Amino acid sequence: MEDNEKRTMTLNLTPREMAVLEELAAKKDLSKTGVMRLALRLLQAVDAKIRMGQKMMFEDEKTKEKSEMVLI
Amino acid sequence: MQESRVYLKEMATGQLVEASLLDEITDRHLAMWIDTWQPVMEERCRGRKPGDRPEDHHWDWKLKADGWRPLLGYHSFAITCNGELQGLMLACDFKSARIPAQFGKPIVHVEFLATAPWNRPEFQTPKRYSGAGTVMVAAAVELSWQLGYRGRIGLHSLGDAEEFYRDKCGMTELGNDAAYQGLMYYEMTEKKAEYFRQTH
Numbered sequence: 000m001e002d003n004e005k006r007t008m009t010l011n012l013t014p015r016e017m018a019v020l021e022e023l024a025a026k027k028d029l030s031k032t033g034v035m036r037l038a039l040r041l042l043q044a045v046d047a048k049i050r051m052g053q054k055m056m057f058e059d060e061k062t063k064e065k066s067e068m069v070l071i
Numbered sequence: 000m001q002e003s004r005v006y007l008k009e010m011a012t013g014q015l016v017e018a019s020l021l022d023e024i025t026d027r028h029l030a031m032w033i034d035t036w037q038p039v040m041e042e043r044c045r046g047r048k049p050g051d052r053p054e055d056h057h058w059d060w061k062l063k064a065d066g067w068r069p070l071l072g073y074h075s076f077a078i079t080c081n082g083e084l085q086g087l088m089l090a091c092d093f094k095s096a097r098i099p100a101q102f103g104k105p106i107v108h109v110e111f112l113a114t115a116p117w118n119r120p121e122f123q124t125p126k127r128y129s130g131a132g133t134v135m136v137a138a139a140v141e142l143s144w145q146l147g148y149r150g151r152i153g154l155h156s157l158g159d160a161e162e163f164y165r166d167k168c169g170m171t172e173l174g175n176d177a178a179y180q181g182l183m184y185y186e187m188t189e190k191k192a193e194y195f196r197q198t199h
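Sequences listed follow chains A and B, in order.
Mapping of the first sequence onto numbering that gives the first Met the number 0: position 1 corresponds to residue 0, and the numbering continues sequentially without gaps.
Mapping of the second sequence onto numbering that gives the first Met the number 0: position 196 corresponds to residue 195, and the numbering continues sequentially without gaps.
No wet-lab data here; the hints were simulated from the structure.
Source: prediction; values computed, not measured.
All residues carry an ideal CB built from backbone N, CA and C; glycine is no exception.
Mixed in with the good hints there might be a few duds.
Below, a sample of chain A positions facing chain B; criterion: calculated Cβ distance under 7 Å [said to hold, decoys possible]:
hint, residue
1, Lys27
2, Asp28
3, Leu29
4, Gly33
5, Arg40
6, Gln43
7, Ala44
8, Met55
9, Met56
Sample of chain A residues with no beta-carbon within 10 Å of chain B, all distances over it, derived [to be verified]:
hint, residue
10, Leu10
11, Ile49
12, Lys61
13, Met68
One chain only, chain A, in its complex shape (with noise of 0.2 Å):
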């Protein structure tokens, strides 16, 4: 399948999810949809850094602090 066909799904959210998904669509400057798609380019980019043995680590500016973020 060519990139620019496009296959139609139905998402179905609860209230909680679908009220997350609005509120990063205006943080973002996204469409609902465009941030659907960004996160699945996310994970799957994330997925695969993991699975090359690396870890994801978030560094807190100030104090230089790094957590570890475990992927399932």
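Starting from the known structure of chain A, fit chain B onto it as the hints suggest.
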């Protein structure tokens, strides 16, 4: 794969010549890189100290391709002209802006951008073509628009390219980034991106 007509300046004649911008680095482009670009780069590096070599001499585009090809969030571009490879770029679309006015919003981040050795003044005078870097930055801005990011882009620049991004592209300099080998980080705002689109 989409092909767009773009123009480069042929430095020997001063004329604009037609070139192709492709939104995918294919096996054919990688073969061109191996056969034509890499030997020139290796010849340039021979006998030179590491600090005197081109900053991107170690970029292995074939190796990189294996990593980015399966991933939806990575976008590769190639420019060809007169049957030769003139530039390569890899960008990703899930990083966040740092400029306060657009902080946290998604940007297209240019991971790697290189113009062919024969298009660099340190390799030959006059260089063969000019404009490949500008075409690639314009492609990154266009990708940002297509994704709904309003033209926002960012990148970490090698030292020799800082002037180009700052002065020719109008990107905002945001300081050296310790997380990126201390490279200078640049970002283009939505407003600057709009201006860049209108003028390039």
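Hint check results:
The interface hint given for Lys27/A is met, as the beta carbon of that residue sits about 6 Å from the closest beta carbon of chain B, less than 7 Å. Given the 7 Å rule on beta carbons, the hint for Asp28/A holds: about 5 Å separates it from the nearest Cβ of chain B. The interface hint given for Leu29/A is met, as the beta carbon of that residue sits about 5 Å from the closest beta carbon of chain B, less than 7 Å. Annotation: Gly33/A was flagged as interfacial toward chain B, and the flag holds, the nearest CB pair being 5 Å apart, inside 7 Å.
Of the supplied interface hints, the one on Arg40/A holds, with its beta-carbon coming within about 3 Å of a beta-carbon of chain B, less than 7 Å. The criterion of a C-beta within 7 Å of any C-beta in chain B is met by Gln43/A, whose closest approach is roughly 6 Å, and the hint holds. With a cut of 7 Å, the hint placing Ala44/A at the interface with chain B holds, because the nearest CB-to-CB distance is about 5 Å. Taking 7 Å as the C-beta contact cut-off toward chain B, the hint placing Met55/A at the interface is violated, the least distance being around 13 Å.
Checking Met56/A against chain B by beta carbon gives a least distance of about 10 Å; that is not within 7 Å, so the hint is violated. Listed as outside the interface, Leu10/A is consistent with that label: its C-beta sits roughly 18 Å from the nearest C-beta of chain B, beyond the 10 Å cut-off. At roughly 13 Å from the closest C-beta of chain B, the C-beta of Ile49/A stays outside 10 Å, upholding its exclusion from the interface. Consistency note on Lys61/A: stated as away from chain B, and its beta-carbon is indeed over 10 Å from all of that chain's, at 14 Å minimum.
Against the 10 Å criterion, Met68/A stays outside the reach of chain B, whose nearest CB is about 15 Å from its own CB.
Violated hints for the displayed structure, listed by number in ascending order: 8, 9.
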